[in-house]
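From the two separate chains plus the hints, produce the assembled complex.
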Amino acid sequence: MTVLVVAEHDHRHLADVTRRTVSAALALGDAVDVLVAGQDCQAVGEAAAALEGVSRVLLCDDPTYAHQLAEPLAELVISLASDYSAVLAAATTQGKDFMPRVAARLDVAQVSDITGIEGPTTFERPIYAGNVMARVICEDPIRVITVRPTAFDPVGEGGSASIETVPAAQDPGLSRFVEESLTESERPELGAARVVVSGGRGVGSAEGFQLLESLADELNAAIGASRAAVDAGFVPNDYQVGQTGKVVAPELYIAVGISGAIQHWAGMKDSKVVVAINRDEEAPMVQMADYALVGDLFEVLPALRDGLRALKS
Amino acid sequence: MKVLVPVKRVVDYTVRVRPRSDGSGVDIANLKMSMNPFDEIAMEEAVRLREAGVATEVVAVSIGPAAAQDTLRTALAFGADRALLLETEESLAPVVISRALAAVVGEESPDLVLMGKQAIDDDCNQTAQMLAARVGWGQGTFACRLEMGDGEVIVTREVDGGTRTVALGLPAVVSTDLRLNEPRYLKLPNIMKAKKKPLDRRPLDSLGVDTRSGIRMVSVAEPPARKPGVRVADVGELLDKLKNEAQVI
Ligand SMILES: Cc1cc2nc3c(=O)[nH]c(=O)nc-3n(C[C@H](O)[C@H](O)[C@H](O)COP(=O)(O)OP(=O)(O)OC[C@H]3O[C@@H](n4cnc5c(N)ncnc54)[C@H](O)[C@@H]3O)c2cc1C
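Just so you know, the protein sequences line up as chains Z and L, in that order.
First residue of the first sequence? That's 1 in my numbering, and the numbers climb one at a time after it.
First residue of the second sequence? That's 1001 in my numbering, and the numbers climb one at a time after it.
Hints are computed from structural coordinates only; laboratory data are not their basis.
Source: prediction; values computed, not measured.
Backbone N, C-alpha and C fix where the C-beta goes; we use that ideal spot for every residue, glycine too.
To spell it out: a stretch of chain Z is covered by chain L in this simulated footprint if at least three of its residues, at any positions, have a beta carbon under 8 Å from a beta carbon of chain L; those stretches are:
id: 1; segment: 58–71
id: 2; segment: 174–182
id: 3; segment: 259–269
id: 4; segment: 299–310
Not the full set, but computed from the structure, chain L residues with beta-carbon under 7 Å of chain Z:
id: 5; residue: PRO1019
id: 6; residue: VAL1095
id: 7; residue: ALA1167
id: 8; residue: VAL1232
Listed below are the simulated DSSO-like cross-link pairs for lysine-lysine, each with C-alpha atoms no more than 30 Å apart in a straight line:
id: 9; chain 1: L; residue 1: LYS1243; chain 2: Z; residue 2: LYS272
id: 10; chain 1: L; residue 1: LYS1032; chain 2: L; residue 2: LYS1187
id: 11; chain 1: L; residue 1: LYS1032; chain 2: L; residue 2: LYS1197
id: 12; chain 1: L; residue 1: LYS1196; chain 2: L; residue 2: LYS1002
id: 13; chain 1: L; residue 1: LYS1002; chain 2: L; residue 2: LYS1193
id: 14; chain 1: L; residue 1: LYS1195; chain 2: L; residue 2: LYS1002
id: 15; chain 1: L; residue 1: LYS1032; chain 2: L; residue 2: LYS1193
id: 16; chain 1: L; residue 1: LYS1243; chain 2: Z; residue 2: LYS312
id: 17; chain 1: L; residue 1: LYS1002; chain 2: L; residue 2: LYS1197
id: 18; chain 1: L; residue 1: LYS1227; chain 2: Z; residue 2: LYS272
id: 19; chain 1: Z; residue 1: LYS312; chain 2: L; residue 2: LYS1241
id: 20; chain 1: L; residue 1: LYS1195; chain 2: L; residue 2: LYS1032
id: 21; chain 1: L; residue 1: LYS1187; chain 2: L; residue 2: LYS1002
id: 22; chain 1: L; residue 1: LYS1196; chain 2: L; residue 2: LYS1032
id: 23; chain 1: Z; residue 1: LYS272; chain 2: L; residue 2: LYS1241
Only chain L is shown next, with the shape it has when bound in the complex (with noise of 0.2 Å):
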C-alpha cells in the first residue's frame, strides 16, 4: 500500500503572528517556520504504517516556496521513503492546492492520503475534502484513530458531540485531529538519514494545473482589542464584580 502525505510549511505555532501596520499583510519573513502540525500527525500515522508492515511506501508532498525543501527534509526524517517538492512562490488557496493536489495523486496512484485537517495559517479546513471530491474518493477527516480493514480504512473522528466512524473503501483521503498520536521526537541520525533520500523538485506549472481562483485576501487587522481586566484579591471580590460591574450573574 502506498501513502501519499502532503505537508505544508508555516509559521510555527509558538510564535505570535501580527499583521503589518498598513494592514497589507502579514510578515512571515524572519519568523520560525515549522511543518503544520497536524500535518506532523500525519506523517507520524504514516510511517506508523509503514512500520507495521501495512504501507510499503510513505511519499511526502509539498507545494510551496523553495524553502519548503526543510519541511520535506522533516518529513523524510520522520521516514517517509521520498519527497516532492512543487514550487510556486504564490500563497494558493486550497481550491488551488487541491487541483494541484488531484495531479499528484493521478500521477502517485496512492492508496491512502493522509494529512492535516488544517493548516494553522490560513485555518481554512478545506484541502483534504477537496482533494477526496476531485478524485471522487470518500473521506475521513479529523481522524483521532484509524484502523485498516479488508480494502478499507476505519476511521474514527472526532465530531461536535463525540466520536463517529466511518468506513471507507480504499482509495481514500483521511485528514487527521490532534489526538490521532503523538508524533515521534526526531532523532539525529534520522535527520542525517534524511539528507540522502530523494527530494524531487518540480515547478508547480510542471503539473498543468489552473493556479486561478475567485477568492482574495485584500487587507488584515489585529482582532478588537479586549479593555485590561483587573485583578481580585479573593472569591468574594469576584462575586461582587460579576454581580455588579458585569452584571453576569
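Next comes chain Z alone, as it looks inside the complex (with noise of 0.2 Å):
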C-alpha cells in the first residue's frame, strides 16, 4: 500500500516534523510519497526526495498555495487521495487545520495525532490530556492520520526519488490571507529542541523572562511557556506548550514557576528529564518531576546560569 505525506514547509525548507511524519509512513507502508505544496518551493521538493525511503515527490509549485490556506490545499490533497491508502500530517496548527476537510470531503474519519502504529489500521493516540492511552482502529478505505511528531525519530537522507510536478487544484476561493505575525528567535524551534527551559505564571512578567533567556543561552534551548505565562502577556502565543498548545520531548526540560497541571503536563510529559524549579514543594510539578528544587526562582536561576557556565569552563 502506498502512503501519501503531506509536507510542511516554509516554501523554502522542509520542515522537521515531515522527516517524522515520513517516518511513521514508512512503518504504515510499503511506498511513501511527498506532496510539496506550495510557491517557489522546488528546493523543499529536492528536500523531500533526499530523504530515506521516499519513492516520489509530486510537486506542486503555484501562487494558490503562497500561504497555506486549509481550503485550497485540502482540494489539492483530495485530487490525489483516490491513489492512496492513507494521508499522513504531522499534528501542527497547519496540518490540524486542513486535514479534518480532507478527510470529511472523503466522508472518511481522521485519527488525530497517533503517538504508535501497531498495525496498518490499529493506532495509538492520547484522549483526555494524555491521561488515557486509546488503542483505535480505522478501517476506512483512505486513512486520513495526523501525526505526533515527538512520537517519531526523523529518517535520514540518502533517498533519491523522482520529483513529479502535479497539477493545482481549483481554488474554491473561500478565504484570503490578509497578514501574519511570526515569532523571530534564534534560538532553536521549541518542537525539535534538546532542552527546554519553560517558564509560568511565577516568573512574573515578561522581564522575568529575561532570566529563563540566560539560563536558555547556556544550554542552547528553546523557551516554551504554561498557558497563565501567554495569557498574561509575558511572552508570544506560540511558546504554549500542553494539550491545546505545542508537544515538545526534549531531553531536558525545567518547568520554573510551573504550577504542572495536567492540561501542562500533556504537552511535556514525554520528555526525558524533567526538572521543576517552584516554591511550592506541593505543586504538581514538583511531585512528578525527575528532579526538583524547592526554591524562589530568582534566586535559583542566576545560580544555575553561573554553575552551567564554570561547567563549562
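Here it is as C-alpha cells:
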C-alpha cells in the first residue's frame, strides 16, 4: 500500500516534523510519496526527494499555495487521495487545519495525533490530555491521519526519489490571506530542541523571562511557557506547551514557576528528564519531576546559569 | 446575522480521568461534567456579537445524551436565544457529528458557526474543519481575534510560529482558541432566565444522517508511568545529577 505524506515547509526549507511524519508513513505502508505544495518551493521538493524511503515527490508549485490556506490545500490533497491507502500530515497547527477537511470530503474518519502504529489499521493516540492512551481501529478505505511528531524519529537522508509536478487544484476561493506575525528567534525550534526551558505564572513578567533566556543561552535551549504565562502576555502564544498548545519531548525540560496542571503536563510528559523549579513543594510539577528544586526562581536561575558556565570552563 | 454554536458536554477539565482496569474504556458515570471549555469561549464570543448588535440570534446545539440539556441550559444562561438537543446515547466520532451539524446548518441557515477548536475528552480537533468542508464554507481555526467586516469575518489564528490572519466570506465556520476571550461568570438571574428559554429536543435520528463511521476505540490504557523523582537540595546537587546521573548536560 502507498501512503501520501503532505509536507510542511516555509517554501524554502522542509520542516523537521515532515521527516518524522515520513517515518510514521514508512511504518504504515511499503511506499511513501510526499506532496510539496507551495510557491517557489523547488528546494523543498529536492529536500523531500532526498529523504530515506521516499519513492516519489509530487511537487505543486503554484501561487495558490503561497499561504498554505486550508481550503485550497485540502482541495489539492483530495484530488490526489484516491491513489493512496493513507494520507498523513504532522499534527501541527497546519496539519490540524486542513486534514479534517480532507477527511470530511472523503467522508472518512480522521485519526488525530497518533503516537503509535500497531498495524495498517490500528493506532495509538492520547485522549483526555494524555491521561489515557486509546487504541483505535480505523477501517475506512483511505485513512486520514495526523502524526504527533515527537512520537516518531526523523528519517535520515540518502534517498533519491523522483520529482513529478502535479497541477494545482481549483481554488475554492473561500478565504483570503491578510497578514501574519511570526515570532523571530535565534533559538532552536521549540518542537525540536534538545533542551527546553519553560516559564509559568511564577516568572511574573516579560522581564522575568530574561532570566530564562540567559539560562537558555547556556543550554542552547528553546523557551516554552504555560498557558498562564502566555495569557498574561509575558511571551507570545506560540510558546505555549500543553494539551492545546505545543507538544514537546526534549532530553531535558526545565519547568520554572509552573504548577504542573494536567493540561501543561500533557504537552511535556514525554520529555526524557524533567526538572521542576518551584517554591511550592506541594506543586504537582515538584511531585512529578525527575529532579525538583524547591526555592525562589529569582535566586535559583542566576545560580544555575553561573553553575553551568563554571561547568563549561 | 444568525450565529450557531455547537456545544459538547464533557468531563470537567479539573477531573483526572483514568481508564477502567479491564481497559474497556473510561468510566465517566459519576464524574463532574461541564461544557467543553473551548465551547464556552465560542458561546461567549457569539453572545458578545449579539450584545454588540452584530448578531440578531444565537442558537446553541448539542448532540449527545439527555443530560446534555444541562450544557444547553448553560448556553442559554450565557445568552443564547434558543437551544436544540439532538439526542443520542452513542458516543460518535467527529466525522458523524460533522454530518449531523451539516444537516443542522441546512435547517437553520446560520451566517456564522462558532465552535470550540477541540473537545478536551477525545482531543480530536476536527469537527469545525469537517463541518466547514461538508457545507463548502471557509474556515478560521484556532481564533484568538475575530472582527466582522463587510460580508466577511476577519479571523486571527494562533499558529505554530505566531499568528496568521485570514478573511472569510460569510457564511463561515470559526473555531476558538483559548485567548479569544474570557467567558463571563454566569449570574443567578441569567441562570433562572435560561430555564424559561426554548430548548427543543429531538432524537438524532430525526436528521436522517448516517451515524456509522469507520473508526472505533478498542481499548484504553494508562500512559507509561514515569519513575519517581527526587528532591535536590540546591543548585550544586541539581547540576551534579543532570551531568553525572541523567547525563543531559
Ligand atoms: C481547556 C484548557 C486548556 C488548557 N491548555 C493548556 C495548555 O495547553 N498549556 C498550559 O500550560 N495550560 C493549559 N491550561 C491551563 C492550565 O489548567 C493551568 O491553568 C496553567 O497551566 C497554569 O499555569 P502556571 O503553572 O504557569 O500557573 P500557576 O498554576 O498559577 O502556577 C504558578 C506556579 O509558580 C510557582 N511560583 C510562583 N512564584 C514563584 C517563585 N518566585 N519561585 C518559584 N516558583 C514560583 C507557584 O508555586 C506555582 O506552582 C488549559 C486550561 C484549560 C481549561
